[in-house]
Each structure stands twice: as structure tokens, then as C-alpha cells.
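All chains, please: the whole structure from these sequences, using the hints.
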Amino acid sequence: LGRGNRDKVQQFMTITGASEKVALQALKASDWHLEGAFDFFYSQPQISAVNTRHLEDIFNRYKEPDSDMIMVEGVSQLCNDLQVDPQDIVMLVISWHMKAATMCEFTRQEFIGGLQSIGVDSIEKFRGKLPSLRAELKDDNKFREIYNFAFTWAREKGQKSLSLETAIGMWQLLFAERNWPLLEHWCQFLQVRHNKAISRDTWAQLLEFVKTIDPQLSNYDDEGAWPYLIDEFVEYLTENGFVQRKK
Amino acid sequence: MNGQKKRGTRIEPFRHRIETDPKFFDKSWRKLHDAIREIYNHNASGLSFEELYRTAYNMVLLKFGPKLYEKLIENMKEHLEEMRASVEAAQGGLFLEELERKWNDHNKALTMIRDILMYMDRTYILTNKKTPVFDLGLELWRDTIVRSPMIQGRLLDILLELIHRERTGEVINRCLMRTTTKMLMTLGSSVYQDDFERPFLEVSASFYSVESQQFIDRYACGDYLKLAERRLNEESERVSQYMDVKTNEKITAVVVKEMLANHMQRLILMENSGLVNMLVEDRYEDLTRMYTLFNHVPDGLTTIRSVMMSHIKDTGKSLVTDPERLKDPVDFVQRLLNEKDKYDNIINMSFNNDKSFLNALNSSFEHFINLNNRSPEFISLFVDDKLRKGVKEANEDDLETVLDKVMMLFRYLQEKDLFEKYYKQHLAKRLLSGKAASDDSERSMLVKLKTECGYQFTSKLEGMFTDLKTSQDTTQGFYASTSSDLADAPTISVQILTTGSWPTQPCNTCNLPPEIVAVSEKFRAYYLGTHNGRRLTWQTNMGSADIKATFGNGSKHELNVSTYQMCVLMLFNASDVLTYREIEQSTAIPAADLKRCLQSLALVKGKQVLRKEPMSRDIADDDSFCVNDKFTSKLFKVKIGTVVAQKETDPEKLETRQRVEEDRKPQIEAAIVRIMKSRRVLDHNSIMTEVTKQLQPRFLPNPVVIKKRIESLIEREFLERDKADRKMYRYLA
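Taken in sequence, the protein lines are chains A and B. Counting from 1, one number per residue, gives the positions in the first sequence under the UniProt record's numbering. Counting from 1, one number per residue, gives the positions in the second sequence under the UniProt record's numbering.
Treat the hints as calculated values from the structure; they're not laboratory data. Among the hints, erroneous ones may be present.
Pairs of lysine-lysine, DSS-like flavour, derived with a Cα cap of 27 Å [stated by the list, open to error]:
#1 B/K727 <-> A/K160
#2 B/K424 <-> B/K469
#3 B/K723 <-> A/K99
#4 B/K435 <-> A/K160
#5 B/K665 <-> A/K196
#6 A/K196 <-> B/K708
#7 A/K160 <-> B/K723
#8 B/K723 <-> A/K28
#9 A/K196 <-> B/K327
#10 A/K21 <-> B/K469
#11 A/K142 <-> B/K130
#12 B/K435 <-> B/K548
#13 A/K142 <-> B/K612
#14 A/K160 <-> B/K677
#15 B/K257 <-> B/K226
#16 A/K157 <-> B/K708
#17 A/K160 <-> B/K612
#18 B/K355 <-> B/K405
#19 B/K723 <-> A/K211
#20 B/K708 <-> A/K211
#21 A/K211 <-> B/K246
#22 A/K138 <-> B/K226
#23 B/K435 <-> B/K327
#24 A/K157 <-> A/K129
#25 B/K727 <-> A/K196
#26 B/K630 <-> B/K612
#27 A/K211 <-> B/K707
#28 B/K630 <-> B/K605
#29 A/K160 <-> B/K665
As the structure is a computational prediction, the values presented were derived from the model and not from experiment.
Laid out in C-alpha cells, this is it:
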């Protein structure tokens, strides 16, 4: 999406309170003219299953007393009500739906938009949706989106890279679902050899690595434009005899 | 004229009433038959050519051509049979002579017969496409004599036998050989080839195969090649003397194959006498011979070239990795220059300036020079040494030549940027210590570097020269403007160095003596008066001073010392004895430099301006110093150097290298951005290749570093990976 169009999407969402998906739909239908998009939107029958009023109420239940945000305590309470562990990966999926900018913080717009995207307007319905939300991780494309989303989400505010500790925690969470055999080695390697923050490119490329390269590294190509950190990881594995590479 | 219609007169051809004499043919043939016999019997003088010609003429005219032709063949065959018997009967050496004799006879006869039967040649034979008389005679000769079973084998054997004898040193009758082979040629080139040339080549091949095997076991390479060359010349000469010229090429090929091609590896690689030995000992003659001979052999020159290359690489490698050699950089480079000269000479004298050999030489040198990562430093030191000595030692042309040769070595360096750093350092030292002997030579060197590497390489270096010139002017201006105040002050000469042009120096603390401070501050004021907005920092670690000293024993000297040393010595105007700690406190000079400075003042034999208590080499905090009142020197002006290493110490080396590595990172990034900007989208391997190519004139970039720079650029959103193909990068505007 070009910068101009991205702005339009943002504007649309702010004004109508709709989700990004709907915004995109409307704008595309109107050939990226905001006015036309609004017409389109308001002329559509609303998805009746979701009642915006209820969503506001739910938000207000968890938000901080002195700001229009749900913070740590609110999140904790929410998890309680959903009967879910705050460390549960489903929270990540939910945050993804909400397009939350930062871990453990939700703005009004994010929260409401997220619930709309998930398609629930009450805590009970929300609780019921949890299994299907977890199931979304099985979908390859969604998993990739969630994975890449996690990087930005888990970052400290104002930082460009992800701190190593957080990264390792996230990886352990994410790859528990995927069962990557080299996960332990990877985390150990990072702590012993790298000990610095993780860049976005490295984060993204690691997923590709996990998906395409087999645990014996037999199809690993040295000239394969992998980030140098991954090259070093391969070296580390070979040096320590964890993998026997056939040349 | 028309009008009258007369009966036209016709002139009829005159018809002879010729009686067809039934015996006409026989009578006529008898005439010819007898004549031919006389001809073959060397009795032709009594014959009338005119009559015989007319006889034949009439026979053909009266349509007896075919019969005449047949009779001719029959008749000639008879005569040839006689001749054959005679040749077969000849014994031993007389065989060839008899053959030649009969051949000559036949030729003469044939000529006459042809002349007599010329009319038939032109009419009957032509229209009926029969073989002309002369050719017929040759064919009959060929079939009856040369290819007769008794003669054919014997002829060949004798010819080959004679040739073999000649090869083993005997003298043979070449004339006879020549006429014999000429005869075969006349009979047709296929006769020559089938009946002589092909067997000759086969026999020669086995002869040389045997001979080469014997020689190679017995002779050293150089001698063997001499023999091979001699044989080749012999064979060529032999062909020119008594064979058809086309055989030359073929026999040469045979000799080359048997004597050279089949033994090529063994010869070239022969221990103690092969190519390597010849190269080492500069055996130009042998090398020329080897080059010329192996030029004929397929892959001959390629083999020589590759053996030469690996030899140069090996000797080069041992030269640059020998720890003894590395102790003296100037000698190191001199040896490299000598090697280069040596091979330039060899290629010039013996290898015909062959371009492919020059290229091989260049790539070998490039290979091993870069095996030692101190080569750039050493080459710079070599140039430094030469420019310090200047035109004194060698005249100007010689110096120019040497510098040109050094530039050749420079071209081989992969890390030219490292050389640049060192050159800058060395040049700075030269300029500031006044050791640049010849300004012209310095400039000339800069021009060479500029031609080689472009303007950027030398712009800062040129800046250094400019700074010095400007500083001279500034100092003059200073004294011109404030002369009155400074009558009693020490005279200073200031060199103002533009930061950025000169190698970066750490700025150290140093308390200058008050007299110096006074005048230097006046200078600073003067300078900043005309150059507002600039900042001057005294580089106390780089200056020098001339001090007049009067010693206790009465001797007076002028001492040339470094700035640090001057600060130390001036302290002794106020105190007689000082401890190290006191000196350190007063001067605020960093410990390492101060210790070196004191060592050179107190511990260098013949230049002990100070006395140290105790006399140990190391300096402890409580060691005391005082002026050495017993100081003497033959010279009035005494130079006290500082114990300083010309070659870099290990930590300094490391630092320089690190700085160079750091400098390379932005250069790599700039290259990546340049490439991506113009190509927009490019795959990983192509970027690596392009970047390496672009930076090649300066240094060889490390692929890992390039990768890291790419990732850094991705981080900073100059590039992104293509969404579909993770190996492609895209430029982000």
C-alpha cells in the first residue's frame, strides 16, 4: 500500500470505527476516494452480530480510570474473565486482531476494532471463540502474519530492535506450536554468541529458515542471502557437532 | 553488283586419288617402330624428324589413330620390360644408378616420341579422351618398373636404408636421392606419397621414438633440447636437399611428436635441469630453445607457463612468509623488485615478450604479494626509505625508475586503502621532520599514485604539501608583523596542519616552558586574527627544538631535540636534580612517551646529555636525573633522536588495521546504495559480485562484511527484501 492510501485507511477507520478489513473493502470499492468510501460503508447493512454499544461497554470495563487505554491490570482482569493464562499464546492472536501497537496495552480503537474483527460483542461469546482463535495459528499464512506482528508488538516503545530476552521468550512461545527441533540450540547460541537485540530482518528471516531448511541443514545454501546471524548459527551447529552437514 | 545471273564458279577441293595401300599401316608403323628402337638405343641422330612426323600425321589422318595408339603402348611396354630386367639385375649400390640411368633414357625417348606423335596428341587423343603420349609414357614406366614386384619393395628399402645411414652420421649420395624422389614426384604426388613419403614418415617415427627414449634417459633437459633442435634442423635440411618441399611440415611434426610431445612433462619437470632449474639460474639460451621448441607442441607453451607460474608463486610465497625477511621491510621490497626484474628479463630475452607469459607473471605476483597482509605497509616503507635518501644516493633518473617499478608492485596490492593509510603516515613523518629529501621526487610519486588511483587518493596528500607551504608564509607573516616584541623570545617555526589531511594524532598533554608558551600564544593570536573561527591545537608530540647548552665542563653545544625533550631539559635550568616523578608532574607528558624521551636523553651512548641514577634501562618513579657535566661531542650541533620505532609495533599495527576496516564499511555501503539505486531490484549473489567489482581498485571486501552492511541498510530502510523471493533486494526510495 502506498503511503497516501495507508493514510486514507487510517482516517477511515478513525472516523467510522470500522476494522481495517472493512476499511480496505470500502476504499477499494470506491477507488480510494474517501467520500465514496463513506457512502459505501454507510449504505452497507451493518454486521448485526456485533453491537458497537456493547463493545464500548466492554472496553470501559477494563480501561484505566485516568486514561483511555487498557493497561496491565485491565489485561490481567480480562484474562481472568476469559479464563485464560496471560502468557497463553491466544493473547497474541487476540492482540494481532486488535493490531495492538504494544504488548499489554490496548487503545480504545484497537480493542473495539479487534473485537469487531473477531466477531464478538460479549465476554461469553469471546470465551467461546478462543478455540477457533487458537486454531488460526495452524494456518500458514495467518501464522506468518502473527509471527511478524509479534516483533513490532513485543518491542519496547521507541526501540528499533527486539531485546534478546523478549525475543527468546516469544520464539519459545511461537515455536512450541510448530515444534522446531533446533529451537533450543538457537536460543542457546544467541545467548552465548550474540547477546544483542534482534533486528526485524533477522526475525522475519528466521521463520523462513524454520519453514524451508530441514533440521539436518542438508538444504542450507551458504550463498542463500540468509542474515549473517543465521550463517553464524549454522556454523555454531556444525562446529559443535550438533549437525553433520554433508557437503 | 547484281543484274546478271550467271552460273557461279565453284572451286572444288582438289581430291587426290589416293590408292589405299593395304600395307600402308604396316609400312608406316614399321618406320616408327624402328625409329623408336633407335631412339631407345641412343641412336636418334640419324633420324629425320620431319619424315617421322609426317608418317604419324598421315596415319592419324587416314584414321589409323586407334591402331597406332595400341601399337605404341605395346611397343613401349617391350622397351620398358628390357629396361626393367636391366634394373633388376643391378647389384647393391648400383641399383639406384641404373634406375636413374634408365629413367633418363626413357624421358629423353619419351620426349622425342611425343614430338613425333604430336598430331595424334592433338587430334585423336583429345577427341577420344585418351591419355596423352607423355603421360602415357610415365604411367607405363610407373606400372612396369617402379611398381613391379621386384623393384617396388627394393626401391623403398634402399631409400630408407640410405636415409637411416645418413641419420646415423654417414655421408650418402644426395644427388641420387634427389633424382629418385623427383622421379616419384613426376609420376604423381600420390605415387610419391604412397611409395615413399608415408613409409618414410612411419620409419622416422619409430627411429625417433627409439632415439628419444635413449636420450631422455641419458641427458639433462638442456642438452636433450639441443639434440632435438639439431635433429629438427637436420630433417628440414634433408627435405630441402632431396625431398619434396611439402614433406618438411610432415617430418617436422613427426620429430616434434616423438622427441618433444611424448616426453613433454618429463622434460619440463626434470629435476635439476628442467624448466625450474633454468629459471632459477637465468639460463636464457636454454629457455629460448625450450620456448621455441615447445611452441610447436600442442599445449606446450601452456604447460611451460603453468609450471613457471607455480614456481613463481612458491618462491614468492616463501619470500613473503619467511620471518627473517620480514624484519627488514626495505630489503623485503627490494627482493620483490629483484624477482620481478629477473622474470621481466627472462620473458623479454627468452619468451619473446609473450603477452600470456607476462599476464601469468602478473597474476602470480598478485597472488603471493597479498599472502602477507603487511605488504602494503612494507611497500610504503620502501618508498619512504628511498624518498628520505633522495637523489643523493642514486641520480634522479634512477630514482624515477625505481619508483616506477615500485608502482608495478603497488598495482598488485589488493588492499590499496591500507597502503594509502601508511603512505600518509610516512609522508607526514617525512614532511614534519624535514626528511623529504627531494621535493620533485615526492611530487613525482604523488603524480604516479594519482595516475594509478585517481584524484581522491592523492588530494589529501597534496593538501599536506600545501599546508607546509602556507605555514612557511604564515610564519614569515607573523614575524613581519610583530618583530619588535619578540627580540628576546625563542624563534619559532610553525607548521599548521589541516585536520583531515594529516593522519589523526592523539592530542597529549604537555606543559611547555613559559618562554615557549608566551611566543606560541602570540602566534595563536596572530593566526586567529586572520583566520576567524578556526581552532589551533599544539601537537607537542611532533615538534622539535634547538637548544643551546652549556655544560659544567665548559663545553657548549647546540642540541637538536624533540619538543618533549626540550620541556624536560628546560626544567634543569631551575633544578639540578629531579626524580622521574617530579619530571612527570612538571611536564605532564604521558608516561610511555616520557620514559622513551628520558631514555634517549640519558642512556644512548655518546649522547648522554643527562645522567641517570641508577643506570638501569627501566625507569622507576624514584630514579633521579641530573645534567651530565662530563658531556662531550666532536660536533657542535648534536642531534638527540628519540627511541622510536619506524616500523609499527604490534598494537599500532592492529589499530591501523582496525581503522582501515572501519573506513571500509561506509565505502561498502556507498557501493551497495549506488548499485541498488541504479538497478532497483537485484539478487543477493549479483550484489556481492557487483560490490566486489566496484571496490576492487581499493580493496577486496570481505563477503561477510558486505552481508552485514546489507542487513544494516535493511534495518535503516534503505533496502527491503522482495516479498516473493527472499533472495532479491529492492531499493527503497
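Going through the hints against the structure:
1. B/K727 <-> A/K160: Since the Cα atoms of B/K727 and A/K160 sit roughly 23 Å apart, the hinted pair holds (cutoff 27 Å).
2. B/K424 <-> B/K469: Holds. B/K424 to B/K469 sits at ~17 Å (cutoff 27 Å).
3. B/K723 <-> A/K99: holds (21 Å)
4. B/K435 <-> A/K160: violated (53 Å)
5. B/K665 <-> A/K196: holds (20 Å)
6. A/K196 <-> B/K708: holds (15 Å)
7. A/K160 <-> B/K723: holds (21 Å)
8. B/K723 <-> A/K28: holds (22 Å)
9. A/K196 <-> B/K327: violated (42 Å)
10. A/K21 <-> B/K469: At roughly 72 Å apart (the allowed maximum being 27 Å), B/K469 and A/K21 break the hint.
11. A/K142 <-> B/K130: Since the Cα atoms of A/K142 and B/K130 sit roughly 98 Å apart, the hinted pair is violated (cutoff 27 Å).
12. B/K435 <-> B/K548: holds (23 Å)
13. A/K142 <-> B/K612: Violated, at roughly 81 Å.
14. A/K160 <-> B/K677: holds (24 Å)
15. B/K257 <-> B/K226: holds (16 Å)
16. A/K157 <-> B/K708: Between A/K157 and B/K708 the Cα gap is close to 25 Å, so the pair holds against 27 Å.
17. A/K160 <-> B/K612: Given pair A/K160, B/K612 is violated - Cα atoms ~60 Å apart, limit 27 Å.
18. B/K355 <-> B/K405: holds (19 Å)
19. B/K723 <-> A/K211: holds (15 Å)
20. B/K708 <-> A/K211: Cα-Cα ~23 Å, so holds.
21. A/K211 <-> B/K246: Violated: A/K211 and B/K246 sit about 73 Å apart, past 27 Å.
22. A/K138 <-> B/K226: Answer violated: A/K138 to B/K226 is near 83 Å, above 27 Å.
23. B/K435 <-> B/K327: holds (23 Å)
24. A/K157 <-> A/K129: Judged against 27 Å, a Cα distance of about 30 Å means the pair is violated.
25. B/K727 <-> A/K196: holds (25 Å)
26. B/K630 <-> B/K612: holds (13 Å)
27. A/K211 <-> B/K707: Holds, because 22 Å separates the two Cα atoms, which is no more than 27 Å.
28. B/K630 <-> B/K605: holds (13 Å)
29. A/K160 <-> B/K665: holds (21 Å)
Violated hints, listed in ascending order, are 4, 9, 10, 11, 13, 17, 21, 22, 24; each of the other numbered hints is respected by the structure.
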